[in-house]
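K.L.:
This is what each chain is made of:
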Amino acid sequence: MIEPAERMAIRLTVNGREIAREVTARRSLADFLRDDLMLTGTHVGCEHGVCGACTVLVDGRSARSCLLFAVQLDGATVTTIEGLTPPTGLSPLQQAFCDRHAMQCGFCTPGMIVVSTELLEKNPAPTAGEIREALAGQFCMCTGYVNIVKAVEQAAATARGARGEAS
Amino acid sequence: MSGPWVGAPLPVKEDVRLVAGRGRFIDDLGLPGMLHAAVLRSPHAHARIRSIDARPALAYPGVTAVITGADAARLSGPIRPLIPTTAAVPDYCLAVDVVRYVGEPVAAVAAMDRATAEDALELIRVEYEALPAVVDPYEAMRPGAPLLYPELGTNVVWHDTLSYGDVDAAMARADGVLRERFVIQRYASTPLETFGAMAAYDPGTDGFEFWTNDQRPGLTISILAASLGVPQSRLRLSCPDIGGAFGNKRRPAYLLICALLSRGAGRPVKWIEDRVENLTALMHACNGVMDVELAYRDDGTLLALGVRDVADEGKNLLTPTQHNLIKLGNIANGYRIPAIRYEAWSVLTNKCPSGANRGIGKPFMCFAVERSMAILARRLGLDPAELRLRNYVTAAEMPYTTPPGAQYDSGDYPATLHTALERFDYAGWRAEQSRARQEGRLLGIGIATSVEPAGTNLASYELVTGRRSVSGSAEAAMVRMEPDGNVRVAIGDPASGQGYETVIAQIVADELGLVPEAVSVARGFDSSVSPWLYLSGNYSNKFSVTDVGAIVGAARLVADKLRRLAGHRLEIAPADLDLRDGAVVVRGAPDRRVAFAELCRTAYADVLGLPPGEAPGLEAHHAYQNPLAAPVDADRRVRSQLVFSNAAHCCLVEVHPRTGVVTVLKYVVVHDCGRELNPLIVEGMVHGSTVHGIGAALLEEFRYDEQGQLLTATFLDYLKPTATDVPEIEVDRLEHPSPFTALGAKGVGEGGAIPGPAAVANAVEDALSAFGVTVRELPITPERVWRWIVRDQKS
Chain A
1 MIEPAERMAI RLTVNGREIA REVTARRSLA DFLRDDLMLT GTHVGCEHGV
51 CGACTVLVDG RSARSCLLFA VQLDGATVTT IEGLTPPTGL SPLQQAFCDR
101 HAMQCGFCTP GMIVVSTELL EKNPAPTAGE IREALAGQFC MCTGYVNIVK
151 AVEQAAATAR GARGEAS
Chain B
1 MSGPWVGAPL PVKEDVRLVA GRGRFIDDLG LPGMLHAAVL RSPHAHARIR
51 SIDARPALAY PGVTAVITGA DAARLSGPIR PLIPTTAAVP DYCLAVDVVR
101 YVGEPVAAVA AMDRATAEDA LELIRVEYEA LPAVVDPYEA MRPGAPLLYP
151 ELGTNVVWHD TLSYGDVDAA MARADGVLRE RFVIQRYAST PLETFGAMAA
201 YDPGTDGFEF WTNDQRPGLT ISILAASLGV PQSRLRLSCP DIGGAFGNKR
251 RPAYLLICAL LSRGAGRPVK WIEDRVENLT ALMHACNGVM DVELAYRDDG
301 TLLALGVRDV ADEGKNLLTP TQHNLIKLGN IANGYRIPAI RYEAWSVLTN
351 KCPSGANRGI GKPFMCFAVE RSMAILARRL GLDPAELRLR NYVTAAEMPY
401 TTPPGAQYDS GDYPATLHTA LERFDYAGWR AEQSRARQEG RLLGIGIATS
451 VEPAGTNLAS YELVTGRRSV SGSAEAAMVR MEPDGNVRVA IGDPASGQGY
501 ETVIAQIVAD ELGLVPEAVS VARGFDSSVS PWLYLSGNYS NKFSVTDVGA
551 IVGAARLVAD KLRRLAGHRL EIAPADLDLR DGAVVVRGAP DRRVAFAELC
601 RTAYADVLGL PPGEAPGLEA HHAYQNPLAA PVDADRRVRS QLVFSNAAHC
651 CLVEVHPRTG VVTVLKYVVV HDCGRELNPL IVEGMVHGST VHGIGAALLE
701 EFRYDEQGQL LTATFLDYLK PTATDVPEIE VDRLEHPSPF TALGAKGVGE
751 GGAIPGPAAV ANAVEDALSA FGVTVRELPI TPERVWRWIV RDQKS
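So the sequence lines, in the order shown, correspond to chains A and B. Each residue of the first sequence is one higher than the one before, counting from 1 in this note's numbering. Each residue of the second sequence is one higher than the one before, counting from 1 in this note's numbering.
With the rest of the complex left out, here is chain A:
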């Protein structure tokens, strides 16, 4: 039996960097990212796995960082919004979110970018309906989702254009 406050050693890769840390067994991945690694771009909106604000990529798949314990990530590869942002400028997906004003308060936006990234990797030409389906686990209280869907469509079209495919 592991005590909640017991400290455990973990090694994982976060945004391409190898990290070795001791954490308490009960520390959530979200708190680990935000408070131990100072990666505050991952936001916490409900802490019960519904709102999607805290979504990050774990081994390339979207996951709720509020529902994972950091100790479960031993050996894993985690990508946060900081890892999806180029060192200078913005990614095409991020640029599309700006072009379409696909946010207002911006609290949900990192999670939206994470999930949209995953979608576009799996499906480079999603329909509006497929985008809505993919985003259905992400709450946005400000935008009514309209411009978010348009931004993902624009990013997909831009990527196809860059690859020389017909859009």
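Certain hints may be false.
Not everything, but these chain A residues come out facing chain B in the computed CB check (under 8 Å) [unchecked claim]:
id : residue
1  : Gly16
2  : Gly41
3  : Phe69
4  : Phe97
5  : Cys105
6  : Arg132
7  : Asn147
8  : Arg160
9  : Gly164
10 : Glu165
Worth flagging that the hints you see were computed from the coordinates, not collected in a lab. In this text, a Cβ means the ideal position worked out from N, Cα and C, and glycines have one as well.
Please arrange chain B on chain A, whose structure you already have, making use of the hints.
P.N.:
Frame of chain A, contents of chain B only:
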């Protein structure tokens, strides 16, 4: 690109940091030595606290400070209400002796981390003596009902009748009177970022510093200083980026809890609300019941409106009557109704305190009127659009004053509806609806139109309190051209997603002849840097109608000074000079110019070059009050809000006849918020507020059981609209500038939340017309629809 910048859909500056996760929100902040607070809350809706033993918590390793209600009453004063009704009983940041709703703060712990603080909460022993709870507002009004405050002798905070014109005579001579009862549930905007605060006591100065996502810092500072017994001059409050607010983000109790813990522990203390706390105890829109009497002639002409409105405040001592009184702004909606009577009850119950929420009360008012119009149209055999067109205040009548005193400043309401009907293809969908019915599909079309008031004139509360305490609508701004010629702006209103840094830069760039990139707008708020008033803040849709006046005023003071400095240099009258492309230019002789950089050098460095009597610097403050605000008049009429946008919503829904599930298939909004300062931002707000209205119509409800336990305290039970629950919101606009605001702009932030619930309800009722259903309550859940259908089939 060159100006004018106002009116251009410029990309939003803030988006660049937010899209990269580089916003700075309250939970992203920290201080050396900071402790984390957790709050122990009442499990009872109503109980006496027999005893609290917090010693085991204080002894727990990692815990530094614990406070209880008794400590709060000893160490701080009561929280001053914004609206000082007769219910001005002392209310502290923690419950003292009695708890009055589930989730009411009872004690608080500060510890090395949040988990430790939460562990320690479990060690606090509280002995409660349960008291009978009153949950239903009608129960609460009955003689003999359990009282939240026995010293008041009643749960009714306010009951009054406001009459404008002879309603009884109009009812007597009417061809008919429609009488309906409507019920609205408790719901809230639930910003994705929860509430939070950080406080640091400085024993060296006996002062406090606060950081919080509170959206109304001016008022909050006043409350904190009074409760803590500290002069406001020794108190500093800052707001970082705010992750949505919608009225919900204001609860000074938590800032006081952090302050008391910080003073006790000698270290900074941060508290971040969790989502269950947010849903249980932050702020709900009032639930309520409204009885409507609408007198009409057979041709559809409206003659009089009588409303009896019961607002269930929960345990709201800070802003009671707010949900009632604000309805005077849109009680007539867009219609010419010659006589209006409004009877109101503001009632305390053992539920979460109510408070501001996107549109405050106006969504329910609009729901009642627009539902009544739909029912009346059916009764008279008129198309619902036609009935509205027969009653609208027309553009030729503007400015038009409603019987309670609301002044509609500009707009063309019939044109708004006509445009919406065209955009929606109303005729086409009516035909499609008939075809679908043949196939057994239940399609419904809903129309709801609305006025959207902006800028609350707080003088209206004199109607409740009998005396004027706070009044008007005002904001302050500072514009400073820095020594390098770039411009910095700050206002007393912290944004929570409205793109102020962008739109203010557009406004100031136009006033000073600059590009928006040269204008930096301070993020958030800092009471020691930002100009502010008691009335400052992010509320009541006031940016366009009030804040803009302050910004323009301050920018023009700087512009005037630039002209004076350049005029002195060029020996030309300032009136003959223009500001353009970063320079002061002689009108008609554009090669005669002085660059701002030159003038800045004079203003800040080479000050002997200033004109005689001119002070150094290029900085101006301007505080503005919207001139429309006036006191309550002798007939109890008041402009409770100042400027009015308008909108028409048309939606198409399909009701599944076996499951009762409602799907919104199409949604068109045509709105008119006067001059749009940045159409990209405006459109986003229309989308979001409309989806908020759809959520209220179909999904969201804080549901309590008879003991006052909240049954929907997580996002698994309290349902929010997701991307698959709503269609694309199609938006079109008209633009009738307000003659009464600095740039002709009007409010837009609340927009869709006001007519949205009515539009969806009207569509559902239309879809269910074969079943004789009248939609009188929200939300329209599948269960409710299914029961309506089954009940009809049984009867």
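K.L.:
If a hint holds in the structure, say so; if it doesn't, say that too.
P.N.:
Here's how the hints hold up against the structure:
| no. | hint | verdict |
| --- | --- | --- |
| 1 | Gly16 | violated (16 Å) |
| 2 | Gly41 | holds (2 Å) |
| 3 | Phe69 | violated (12 Å) |
| 4 | Phe97 | holds (5 Å) |
| 5 | Cys105 | holds (3 Å) |
| 6 | Arg132 | holds (4 Å) |
| 7 | Asn147 | holds (6 Å) |
| 8 | Arg160 | violated (21 Å) |
| 9 | Gly164 | violated (27 Å) |
| 10 | Glu165 | violated (25 Å) |
This entry does not satisfy hints 1, 3, 8, 9, 10, going by the numbered hints stated previously.
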